[in-house]
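Q: Throw the hints in and build the complete structure from the sequences for me.
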Amino acid sequence: MKKTLLLGLAAGLLLAPASSGADTVRRPAAPFEGAGWTAPANFIDTCVLAGLGKRGIKPAPLCSDEIFVRRVYLDVIGTLPEPAEVTAFLEDPRPDKRSALIDTLLARPEFADYWSLKWCDILRVKAEFPINLWPNAVQAYHRWIRDSLRENLPYDRFARALLTSSGSNFRVPPVNFYRAVQGRDAPSIARVVALTFMGTRLESWPAERRAGLEACFSRIAYKKTAEWKEEIVQLDPAPAAVIETVMADGTRLKIPPEQDPRRVFADWLLAPGNPWFTRSIVNRAWSWFMSYGIIHEPDDLRPDNPPVNPELLAGLEKYLVDNKYDLKLLFKAILNSNTYQQSSIPDGNNPESARFFACYPVRQLEAEVLIDALNWIAGGGGEEYSSPIPEPFTFTPRRQRSILLSDGSITSPFLEMFGRPGRDTGLESERSRQPSAAQRMCLMNSSEIQRKITMSSRLQKMLASVKWNRELIIEQTYLIILSRRPTREEAEIAAAYFQANTSLGYKAANDDLAWTLINSKEFLCRH
Amino acid sequence: MPPLKIERPGKEFRSGRPARAGAASRPASFLRRSGAALLILAALSLAAGAEEPAGPSAAGGRARSVIQIWLWGGPSHLDTFDPKPEAGYDYCGPFDKTIQTNIPGIQINELLPRLAKIADKYSIIRSLTHGIDGHETAAYITQTGHKPGEALSYPSVGAVVALFKGYEHGYRGQLPPYIILTTSQGRFSEVGFLGSKYKPLVTGGDPNGKTFAVEGLSAPGISSERQLGRWDLLKKLDTLGRTMPADPYFASFDRSLNEAHELITGDAARVFDLTTEKDEVRDRYGRTRFGQSCLVARRLVESGVPYVTINYGGWDTHKQHFQSMRQKLPELDNGLSALLEDLAGRGLLESTVVWCCGEFGRTPRILWEAPWNGGRGHYGKCFSVLVAGGGFKGGRVVGTSDARGETVKERPVTPQDLIASLYTLLGIDPDGRLPDSQGRNLPLLPPPTPGTSRNLLREIM
Numbered sequence: 098m099k100k101t102l103l104l105g106l107a108a109g110l111l112l113a114p115a116s117s118g119a120d121t122v123r124r125p126a127a128p129f130e131g132a133g134w135t136a137p138a139n140f141i142d143t144c145v146l147a148g149l150g151k152r153g154i155k156p157a158p159l160c161s162d163e164i165f166v167r168r169v170y171l172d173v174i175g176t177l178p179e180p181a182e183v184t185a186f187l188e189d190p191r192p193d194k195r196s197a198l199i200d201t202l203l204a205r206p207e208f209a210d211y212w213s214l215k216w217c218d219i220l221r222v223k224a225e226f227p228i229n230l231w232p233n234a235v236q237a238y239h240r241w242i243r244d245s246l247r248e249n250l251p252y253d254r255f256a257r258a259l260l261t262s263s264g265s266n267f268r269v270p271p272v273n274f275y276r277a278v279q280g281r282d283a284p285s286i287a288r289v290v291a292l293t294f295m296g297t298r299l300e301s302w303p304a305e306r307r308a309g310l311e312a313c314f315s316r317i318a319y320k321k322t323a324e325w326k327e328e329i330v331q332l333d334p335a336p337a338a339v340i341e342t343v344m345a346d347g348t349r350l351k352i353p354p355e356q357d358p359r360r361v362f363a364d365w366l367l368a369p370g371n372p373w374f375t376r377s378i379v380n381r382a383w384s385w386f387m388s389y390g391i392i393h394e395p396d397d398l399r400p401d402n403p404p405v406n407p408e409l410l411a412g413l414e415k416y417l418v419d420n421k422y423d424l425k426l427l428f429k430a431i432l433n434s435n436t437y438q439q440s441s442i443p444d445g446n447n448p449e450s451a452r453f454f455a456c457y458p459v460r461q462l463e464a465e466v467l468i469d470a471l472n473w474i475a476g477g478g479g480e481e482y483s484s485p486i487p488e489p490f491t492f493t494p495r496r497q498r499s500i501l502l503s504d505g506s507i508t509s510p511f512l513e514m515f516g517r518p519g520r521d522t523g524l525e526s527e528r529s530r531q532p533s534a535a536q537r538m539c540l541m542n543s544s545e546i547q548r549k550i551t552m553s554s555r556l557q558k559m560l561a562s563v564k565w566n567r568e569l570i571i572e573q574t575y576l577i578i579l580s581r582r583p584t585r586e587e588a589e590i591a592a593a594y595f596q597a598n599t600s601l602g603y604k605a606a607n608d609d610l611a612w613t614l615i616n617s618k619e620f621l622c623r624h
Numbered sequence: 148m149p150p151l152k153i154e155r156p157g158k159e160f161r162s163g164r165p166a167r168a169g170a171a172s173r174p175a176s177f178l179r180r181s182g183a184a185l186l187i188l189a190a191l192s193l194a195a196g197a198e199e200p201a202g203p204s205a206a207g208g209r210a211r212s213v214i215q216i217w218l219w220g221g222p223s224h225l226d227t228f229d230p231k232p233e234a235g236y237d238y239c240g241p242f243d244k245t246i247q248t249n250i251p252g253i254q255i256n257e258l259l260p261r262l263a264k265i266a267d268k269y270s271i272i273r274s275l276t277h278g279i280d281g282h283e284t285a286a287y288i289t290q291t292g293h294k295p296g297e298a299l300s301y302p303s304v305g306a307v308v309a310l311f312k313g314y315e316h317g318y319r320g321q322l323p324p325y326i327i328l329t330t331s332q333g334r335f336s337e338v339g340f341l342g343s344k345y346k347p348l349v350t351g352g353d354p355n356g357k358t359f360a361v362e363g364l365s366a367p368g369i370s371s372e373r374q375l376g377r378w379d380l381l382k383k384l385d386t387l388g389r390t391m392p393a394d395p396y397f398a399s400f401d402r403s404l405n406e407a408h409e410l411i412t413g414d415a416a417r418v419f420d421l422t423t424e425k426d427e428v429r430d431r432y433g434r435t436r437f438g439q440s441c442l443v444a445r446r447l448v449e450s451g452v453p454y455v456t457i458n459y460g461g462w463d464t465h466k467q468h469f470q471s472m473r474q475k476l477p478e479l480d481n482g483l484s485a486l487l488e489d490l491a492g493r494g495l496l497e498s499t500v501v502w503c504c505g506e507f508g509r510t511p512r513i514l515w516e517a518p519w520n521g522g523r524g525h526y527g528k529c530f531s532v533l534v535a536g537g538g539f540k541g542g543r544v545v546g547t548s549d550a551r552g553e554t555v556k557e558r559p560v561t562p563q564d565l566i567a568s569l570y571t572l573l574g575i576d577p578d579g580r581l582p583d584s585q586g587r588n589l590p591l592l593p594p595p596t597p598g599t600s601r602n603l604l605r606e607i608m
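If you read the protein sequences in the order shown, they are chains E and A. In terms of this note's numbering, the first sequence is residues 98 to 624. In terms of this note's numbering, the second sequence is residues 148 to 608.
If you are wondering where the hints come from, they were derived from the structure by calculation, not from laboratory data. Don't take every hint at face value.
[Unchecked claim] Dumping the calculated SDA-like pairs for lysine to any residue here, alpha-carbon to alpha-carbon at most 20 Å:
{"no.": "1", "chain 1": "A", "residue 1": "Lys383", "chain 2": "E", "residue 2": "Asn598"}
{"no.": "2", "chain 1": "A", "residue 1": "Lys382", "chain 2": "E", "residue 2": "Ala597"}
{"no.": "3", "chain 1": "E", "residue 1": "Lys155", "chain 2": "E", "residue 2": "Ala132"}
{"no.": "4", "chain 1": "A", "residue 1": "Lys383", "chain 2": "E", "residue 2": "Glu586"}
{"no.": "5", "chain 1": "A", "residue 1": "Lys383", "chain 2": "E", "residue 2": "Ala597"}
{"no.": "6", "chain 1": "A", "residue 1": "Lys383", "chain 2": "E", "residue 2": "Gln596"}
{"no.": "7", "chain 1": "A", "residue 1": "Lys383", "chain 2": "E", "residue 2": "Ala126"}
{"no.": "8", "chain 1": "A", "residue 1": "Lys383", "chain 2": "E", "residue 2": "Arg567"}
{"no.": "9", "chain 1": "E", "residue 1": "Lys155", "chain 2": "A", "residue 2": "Pro395"}
{"no.": "10", "chain 1": "A", "residue 1": "Lys294", "chain 2": "E", "residue 2": "Asp282"}
A: Quick look at the structure:
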C-alpha cells in the first residue's frame, strides 16, 4: 500500500505539468529576475548584443539582486554567502553595489583557494597515477599556484615561470609543470604545453606542424638526487646540435646549443600577436563564467572550430593585453557586464540562447563546492578524505575545505560521485557536470547527508536565535540554503507543511524543509 | 525464502534506460508471490535475452556476466595457486606442503582445501606477466590491458563491459550494469575517458554487518509517510525548475531524479538483502566481509547485472606476510569456493566469468632481512590468475613458471591476452573500438604485433 502511494507520488513528481508557456509579454519571473536591459554596461555587452542582433535572439533580463549575490559568491570564491552578507547586500541602497561586491570578492582570501582548484585541474596536480608528482612535490606546486593567484601574478609571467623554470621539484615548484605529464618524451610534453597554454589539441595537428613545436622540448633532462623523490628538471647538459625548427605560425627558429629551447619557445608564445596564447586564456576565462567558450570546447582551438562571436573574442584579447595580463581585471570586466548578470531564464524558446550568451546557463555546482556548501550548512563536520598513498603529506583533516585540496589523488566517495576530474589529461571536459541517479540517491537518502541536516549546528543555532518562530525559521532556512528569502507563496507552502506535521515538531519539520531545499535544482545548480 | 527476482522487463520499456511511470507497468511483481514465478521469470528472461539486439560488436559469446575478484595489494602466487615446496625454505617459508586438488597433477596451497575439492570448476594461469612492480601502474595495466603513459586513461574491463553489455545493448535491469562491492579501490579512475555514464555503483556498507544497506537506496530512519511528505514538498517548492520547464540541463536533471526514484521505489534493493538467504548458505560463504560480498555478487549476477567487482584488499604483505596469509587464505577459500559451487549449482557458472587475481604477485624469494622480517615485495614478472565459468574450461593449468616461480617458463600470458579472451567470451570483439567524447575512436585493446594474431587462451575456451 505504502509502496503504491510512493510510486504514485513519484510519478506525480516526475510528470508535474510544465507551467504554461504561451505568455507573449515577458514579465520578470519572481524571485529570479530584475529589469530587462538594452544598454551595454561595457565593451563585452556591445559585442554580445551585436552578435545576438545578427541572430535575432533577445537577451534575458538581468537577474535579481538575490540571484546575483549567490551567483557571484559561487563563481568568484566557490563559497556560499553568509545570510548576513546576503541581507546587507539586498539592503544596500548604492546603485553600484554589484560592482562593489565584485571588488570585495576578488580580494577575498578564498579567491586564491578556489581558483587554485581550477588551475590544479588544468595543470594536472596529482601525486600518483597517471600523473606521478608524488605527495610532497604536490604540496609545493599547489602552494606556488595559490600564492601566484593570491599575488595576482600576471598571466604571462605565470606561464613563463611554468615553461622555463629549472631546478628541484621541492625548491622550484613551477618545474613540476614538466613532471605532471604522462610520458616525458618531447611529443608528450609538447602536447601538454599546447593544451595548457594554446588551448589546442596537438594530436589533431598534421605531423610536420607538430614537429616544429616538439623540437622545443627535446632537451629537457630529469635528474634524481639523494633525497627521496626529489628531482631536478633542467636543460640537458649533453652536447647538442643547433635546432632549426618552424613554428606553427611559420616563424623560423634557430636555437644554438647553449640556449634553452624552452625559453625560445616561451619567447615565441608570449610575443605580441601570437595567435594562441591570449586567445586561449580569454576563451577559457569566459567559459569559466558563462559555461560555454566563445570557441567551444574552450581548450579545442582549431581552424574548423570558429568562435561564435569573433568580435567578443578579439575584444577580450585586447582588453587582457592592454591590462598587462591581469586576469583579475579580465574577470572583473566579465562580472560587471550585463551579459554575465543576465537571468538564467532565456527570453523565448531558442535552444541556442546559452550558446550565444543570451542568458546565464544553469549547471550543477562542482563536487568540491557542493560538499563545502553542505558542510557549511551542517555547521562543520567536514569530509572524510582518503589517499591510496601511504605516505606523509597525504593525510587531510576532515575540517579542511574541499576547494583547498591540493592533490588529485586525495579524494572521497562524494567527490568522485559528483564528477571531480581525475586530473589525467588536463582537459576541461574531464570534470563531469552530468547529473546522475547515484547523485540524487546520495543527496536524498544517504545517511551522511541526513546526518548533516539533522545534526546541523548552524540550523540548531538559527532555531534558537529566532526563538522557534515558525515564519522566521522558514525565512532563515531559505537564507542559509538558497541565499534568499522565500516568496510569499513558498513561505505559505512551508508553513502549511509545519502545520500539517505538528507531530514532528518544528525541528524535524525544518529538517524536512532543509532536505527539500538541498534537493532543489536551485540549490544544486549555479543559476 | 522468497524467490529472487530475475526480472527482465519486456519491450514496453523503451530502449536505453527503462523509465517506469508507475505501478501499473510492473507485470513481474505479482508473479513473484507464487513458487512458480521464478521459473516463469527465468523463462521470460531467457526469451528477452534471445531478442536482445546485438551491439555492433556484441555477437556470439556465451558469457553474460563477470565477477572480478580483485585481490588488491598483490597476493603471493607461490602461496596461493603456484606453490613451490621444492624451492626450499627461502622461497616457500612455512608453506612447504601443498594440497592435491581433485584434478590429478594440480596442486595449490594447503590453506585452500575447499578450492582444492573443486579444481574441475576453474583453471589456473601460472604465467601471467607484465613486469611492472608499482601498484598504480600494475593495477592499471592488469585491469585495462593498456600500458600507462599514453596521455589518456583507458577504462577498466568493468566499464567496457558496462558499455558493451549495458543499456545500449539490451540490459534492462534497474541496477547499474557495473557494481563495485563495497569500496572503490581508488588507484585509478575506473571509467577512464568513457565518462561518468559508465561509472560503477559503489555500494559502501558491509554485507557482513547486521544490516547491509546500499547507501542511497533507502533513507534510514525516515518513515515512508515522511518521505512522501518530503517529496511532495520538493515538488511544490521546485520554484526555479518550474520557471524553466524547457531547460535541457534541467531535463537531464529530471531524468536522473526519475532513475533514482525507480531504484528507490523499485525492488532493486532486495538483491542486497542477505537476510533472505538461509543461514547455512551464508555460513558456507564465510561470515566475513569478503565471503558475504561473494554472496551478494552471486545475487547480482543472478538478477542480470553484467559486471561485479569485489575489491578485496589486504594482500600488500611486505611485513607479517605469513601471519596475514594464515588469516586471509581461509577467507578466500571459503568465499571463492562457495561462489563457484553456488554459481554452478544454479546453472549460472556457464554464463558467468569469474576471474581472481591482484595487480601482481609477490617476490618468490622471501625477504628475511629487516625491516621486512619475512615479508614479500611486489612482483610483476610472473604471477597467477584463477579463471572460471562463462566459457572458460575448468581443471586446467595454463603456462608454467620456473622452479622458483621467478620467471615464466612456458606460455607467457599478458593482461592484454587475458582481457582479450574475456571479451571474446562475452561476445565483445577485442579488436573493436571505443567511443570517446573527442571522436578519437580508440582501440579497445592495443593491437597485436603486426603479422601475429591475438594470443587468446584458446586451450581453455
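Q: Which numbered hints are broken by the structure, listed smallest first?
A: Of the numbered hints given earlier, the structure breaks none, since each of them holds.
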